[in-house]
Amino acid sequence: MSAGEYDRYDRIRGVLAEADEPLTAREILSLAGECEEIDSPHRVATVLGRWAERGEVEVIADRPYRYRLAV
Numbered sequence: 000m001s002a003g004e005y006d007r008y009d010r011i012r013g014v015l016a017e018a019d020e021p022l023t024a025r026e027i028l029s030l031a032g033e034c035e036e037i038d039s040p041h042r043v044a045t046v047l048g049r050w051a052e053r054g055e056v057e058v059i060a061d062r063p064y065r066y067r068l069a070v
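Per numbering that gives the first Met the number 0, the very first residue in the sequence shown carries number 0; after that it's consecutive.
No wet-lab data here; the hints were simulated from the structure.
Computed from a predicted model, the values in this text were never measured in an experiment.
Treat each hint with caution, since some may be false.
Pair by pair, the computed Cβ-Cβ distance ranges are [claimed, not checked]:
{"id": "1", "residue 1": "35", "residue 2": "70", "range": "28 to 38 angstroms"}
{"id": "2", "residue 1": "21", "residue 2": "53", "range": "15 to 25 angstroms"}
{"id": "3", "residue 1": "63", "residue 2": "19", "range": "27 to 37 angstroms"}
Here a beta-carbon is modelled for each residue, glycine too, at the ideal position from N, C-alpha and C.
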């Protein structure tokens, strides 16, 4: 995994850690602020999907999908 992927995840993880409820990829993108590497909700969902496979993020299959840190 590249350093850029860790940076992206750290930024996204910070947003999720501060959230009181599960967030959509679009909400996470908005709260993450300006970042070249986080440029779309699809990118956010891709990063979170990879980490969900490792059990660090929970994906709530709803419309739209929502994400939260796994407990």
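Comparing the hints with the structure gives:
no. : hint                        : result
1   : 35 - 70: 28 to 38 angstroms : holds (31 angstroms)
2   : 21 - 53: 15 to 25 angstroms : holds (18 angstroms)
3   : 63 - 19: 27 to 37 angstroms : violated (18 angstroms)
In summary, the structure is inconsistent with hint 3 from the numbered list given earlier, while agreeing with all the others.
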